[in-house]
Amino acid sequence: MNRVIRIRRRLRAVAGYVRSAPGTYVWLLILFVTTVALHYMSPAFEREFLRQRSTNIHELSRDPVRVLISSAMWIDSGHWLPYAALYTGFHAQAERWLGTLRWLAVCVAAHVLATLISELTLLNAIREGAAPHRAVDTLDIGVSYALAGVVGVLTYRIAAPWRYLYLAAVLAIVLVPLVTGATFTDFGHFLSVLIGLACYPLVRGRGKAWNPKETLTTLRG
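Under my numbering, the sequence shown has 3 at position 3, and the numbering climbs by one with no breaks.
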């Protein structure tokens, strides 16, 4: 009986956590459905299907609003579980802290601005001959820019000096690929983190910053 009670308590705790971040888990549900749908497509059909929903130069020039929305509803890797973990660890935390509307504002700002700036940079590179013309149809789909923006804004959720360690780790993660590989997607991730950091006005009045030292002290009891 005690075991049943514990299980019920854990289930209620999980349900409460999900309800506290509705936007995050509705988005995850959409990604689950679309990821399952991809597994029923042939490789050739899947690539063309995703290309039409990609935020590449060609599709953005045709219907920017459509592709900016649709590109955020698909995962081209076909693996949903890693995103479930990332959404729970970052998106849900940000939504619980900022509220759904402010969290969504960060996501939209990072996704839209990083996409447009990185694609304009790529277009300029194509015009100057630094990138091949076929890059206008590059497959660029997924949710990583919004995630990177949220990772950036969560810097303000952590109390100093831990905040600076977190920020240093985040910047290292996005700068190393940018310096060593320098793809337009790496540039987009870097921009997304900066956009998240620029969303500081949205975090004002959202309560006391989390102090990891206080949490460890409480756990040790």
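Source of the hints: derived by calculation from the structure; they are not laboratory data.
The beta carbon of each residue, even a glycine, is placed where N, CA and C say it ideally should be.
Careful: at least some of the hints might be erroneous.
So the derived label-pair ranges between C-beta atoms look like this [stated by the list, open to error]: (1) Ile7 x Leu120: 50 to 60 Å; (2) Val4 x Leu101: 34 to 44 Å; (3) His79 x Ala172: 18 to 28 Å; (4) Ile69 x His39: 14 to 24 Å; (5) Ala15 x Leu178: 23 to 33 Å; (6) Thr88 x Thr34: 27 to 37 Å; (7) Leu216 x Thr100: 25 to 35 Å; (8) Thr88 x Glu214: 16 to 26 Å; (9) Thr180 x Asn2: 46 to 56 Å.
Hints, verified against the model:
1. Restraint check, Ile7 to Leu120: a C-beta distance of roughly 52 Å satisfies the suggested window 50 to 60 Å.
2. Distance hint check: the CB atoms of Val4 and Leu101 are about 39 Å apart, consistent with the given range 34 to 44 Å.
3. Range check, His79 to Ala172: Cβ separation about 24 Å, and the 18 to 28 Å hint holds.
4. In this structure the hint that Ile69 and His39 lie 14 to 24 Å apart at CB holds, the actual value being about 22 Å.
5. Evaluation of the 23 to 33 Å hint for Ala15 and Leu178 yields a failure: the beta carbon distance comes to about 40 Å.
6. Separation of Thr88 from Thr34 is about 18 Å and departs from the stated range, judged on CB atoms against 27 to 37 Å.
7. A hinted range of 25 to 35 Å holds for the C-beta pair Leu216 and Thr100, which are about 30 Å apart.
8. For Thr88 and Glu214, the Cβ-Cβ distance of about 22 Å falls inside the hinted range of 16 to 26 Å, so the restraint holds.
9. Taking 46 to 56 Å as the suggested C-beta distance range, the pair Thr180 and Asn2 conforms, at roughly 54 Å.
Checked against the numbered hints given earlier, this structure breaks hints 5 and 6; the rest are met.
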